[in-house]
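Student: What follows is the residue order along each chain.
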Amino acid sequence: MSRRPNDTKPAKARTAPQPRGIRQTMSDLHIWAGLLVGWILYAMFLTGTVSYFKDEISQWMRPELAHQAEVPDPALVAARIAGELQTVAAGSPQWSIGLPDARNNTASAFWRKPGVEGRRAFQSATFDPATGHKVAARDTGGGEFFYRFHFQFHYMPVLWARWLAGFCAMFMLVAIVSGVITHKKIFIDFFTFRWGKGQRSWLDAHNALSVFGLPFHAMITYTGLVTLMSLYMPWGEQAAFKTPAERQQLRAETSAFVQPGKPSGQAAALAPIEDMVRQAQARWGRDNINRVTITHPGDASARVSITRGDEGRASVSPQFLLFEGPTGRLLQAKDSVGPAAETRGVMYALHLGRFGDTVTRWLYFLVSLAGTAMVGTGLVLWTVKRRAKLPDPERPYFGFRLVERLNIAAIAGLSIAMAGMLWANRLLPLGLAQRAEWEVHAFFIVWGATLAWALLRPARRAWIELLWTGAAALALLPLLNALTTDRGLLASLRAGDWIFAGLELTLLALAALHVALAIRTARHKPKLRPQRQAAAARRPAAPPPPDEPVGEPALQEAAR
Amino acid sequence: MSAVLAKALGAGPLVSRIVAAVLGGYALAALTSVAAVALPIDRAQAVLTGMLASFVVYAGAVIWVFAVRSARRAWAGLLAAAVPLGLAAWSVWNGGSPS
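Chains as they are written, first to last, in the working numbering: chain A, 541 to 1100; chain B, 5 to 103.
Worth double-checking, as some hints may not be accurate.
[To be verified] Once the Cα atoms are required to be at most 30 Å apart in a straight line, the calculated DSS-like pairs of lysine-lysine come out as:
no., chain 1, residue 1, chain 2, residue 2
1, B, K11, A, K925
2, A, K653, A, K874
3, A, K782, A, K929
4, A, K929, B, K11
5, A, K802, A, K653
6, A, K653, A, K674
[Said to hold, decoys possible] Derived Cβ-Cβ restraints for the label pairs, each shown as a range:
no., chain 1, residue 1, chain 2, residue 2, range
7, B, G64, A, S664, 40 to 48 Å
8, B, W94, A, P784, 20 to 28 Å
9, A, H673, B, S95, 57 to 65 Å
10, A, M759, B, S95, 28 to 36 Å
11, B, W94, A, K653, 41 to 49 Å
12, B, L13, A, A928, 43 to 51 Å
13, B, G14, A, K929, 20 to 28 Å
14, B, V19, A, P803, 54 to 62 Å
15, B, W94, A, H1064, 55 to 63 Å
16, A, L699, B, G64, 54 to 62 Å
17, B, L13, A, A792, 52 to 60 Å
It should be emphasised that the hints constitute simulated quantities derived from the structure, not laboratory data.
Just so it is clear, the structure is predicted and the values come from calculations on it, not from any experiment.
Positions of the beta carbon are idealized from the N, C-alpha and C atoms, including for glycine.
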């Protein structure tokens, strides 16, 4: 920036007729970048936040599968599932088996349908690690829905949706940078909080939530872009590599996924998978195996690749062992990638947080929840600030009403919709066709209903009513679970099942949060200009109203 | 009528800045990702370096576009940054194989 070094800012800025200062323009940029995609960002943040516990949510959504007291031996499970796939996925050129771990009591697998190309070529199923058969549980997508929604939404083509998510993430990045520039006294503001002062309190809350988690918010936004960067920025790759073989060089740096080549056509039985997994266990630890992928099983050209789990490293860079299928001979041990690829691997892993232990995951969840609240308070602040300046508070202009109503549905409504999906998981008939899809439809139907409610009711009433509804929907879930399964909260606590108990206690805590928000909203009296003037007229000698403090230019500037 | 016209013309610089930020910023980021391939390192690493850095460039470009005094300066800054990146990218597109 071309700023003269001896330009002492406030003094000179006032004397010369200068265009608006950098803080003011950055404040405008912050406000508009945040507002325009704020509703989508809020949904991305909240669904992303709960996705740190997606495996636990999936377990809760499949109550038929018993609590897993001990992780079954991955070597035995892999062999068992591979045996099952001989019949389930016979003739398939590729199987890939995801193994259970401490947080996941199922094995999963996807495989290519023989003779089909492209995205539709894959089929998948969930398996019981103990028997190797497909799980006998209700048809549900589990917590996977929140995870997918977080970056590709629903009801729209996946690529478009990922571009939309990237667009919003870019806005978020710009909002973070411009928000920091807007802030002159970022450190002092962190320790400033004024309760019950209307707009000031909202601003202080927004500041505290943002500054407290700033490194996390910046990290999570940037690494989010990195997870899909080859989609967003394919130009360097296109310029650098002309042939598929060259591209494969790049793929090998970022993915352990093996593309099946041509089969030889000669039949040859697979060597025991168990022995191959044992070698991987010796290298990385008994439970630190992520996937076992087999290409051309039953053919002489079969290959088995075993990828490392997330424990003991904060990176998702490919690390795997590649075996020759029929002999079980180790062909390759990939354990490192180039520096730029490793940077990507670490950033990707930081975003997913799968490397973390339970404490780390809780920290991720809480800071991410603060990030959600940062977006939410920012959205609310937009209306709080403008409400005080409305010429006629009874009939606000269209833009104000739009933002106000969308805020209600996007913030209070989303909690109800997410809880609604869990309700649908317990209440939809087990025999319903496409039951898993209907759980997702239920999420959107409930969300749509909250939007209708927000549009039809007076705004303040709608906030309070929907927050109370959200609290009830969350708080009654443990009761619903106790009524519809034999794994209620007390039973889980007694059995030491911390996955079920932990999730339900968290639901209760979140319900309490909604109650607190509902009560505060009900007590809140919006400050309107005519009232303030009337009050000032009644008490002419009174000190200036508390929400117009003197000597805090930075905050006033940031609030404008 | 003239008031509407004046308003539309008054919005011109802002629209210009928004285009500069969204499309110009992306173009600059895309150029960066190609220019990085000219780095004297392994090609795959260079491609990934370009991708990783591109979002910093994009975000920086957007901030620049709104921070400077006029829309004209915003575009000028983007073009000034695009020249060296464009030269490096041109060497990549023309098959210059530095590594």
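Student: Within 20 to 28 Å or not, the Cβ separation of G14/B and K929/A?
Tutor: holds, 22 Å
Student: Has the hinted range 43 to 51 Å been met by the Cβ atoms of L13/B and A928/A?
Tutor: violated, 32 Å
Student: Verify the proposed pairing of K653/A with K674/A, using a straight-line Cα cut of 30 Å.
Tutor: Roughly 17 Å separates the two Cα atoms, so the pair holds.
Student: Between K11/B and K925/A, is the straight-line Cα distance small enough, at 30 Å or below?
Tutor: holds, 25 Å
Student: Between M759/A and S95/B, does the beta-carbon spacing fit 28 to 36 Å?
Tutor: Given a distance of about 34 Å, which is inside 28 to 36 Å, the answer is holds.
Student: So if I understand the rule, the pair passes when the alpha-carbon distance is 30 Å or less; does K653/A with K874/A pass?
Tutor: Roughly 28 Å separates the two Cα atoms, so the pair holds.
Student: Starting from the range 54 to 62 Å, see whether the pair V19/B and P803/A falls in it by beta-carbon distance.
Tutor: holds, 57 Å
Student: Kindly confirm whether 41 to 49 Å is satisfied by the beta carbon distance between W94/B and K653/A.
Tutor: For W94/B and K653/A the Cβ distance comes to about 44 Å; the hint holds.
Student: Just tell me: holds or violated, for the beta carbon distance of W94/B and P784/A against 20 to 28 Å?
Tutor: About 25 Å separates the Cβ atoms of W94/B and P784/A, which means 20 to 28 Å holds.
Student: Please verify whether K929/A and K11/B have alpha carbons no more than 30 Å apart.
Tutor: Given pair K929/A, K11/B holds - Cα atoms ~23 Å apart, limit 30 Å.
Student: Taking 57 to 65 Å as the stated bounds, is the beta-carbon spacing between H673/A and S95/B within them?
Tutor: holds, 58 Å
Student: Taking 30 Å as the top limit, are the C-alpha atoms of K802/A and K653/A close enough?
Tutor: holds, 15 Å
The structure is inconsistent with the numbered hints 3, 12, 16, although it conforms to all the rest.
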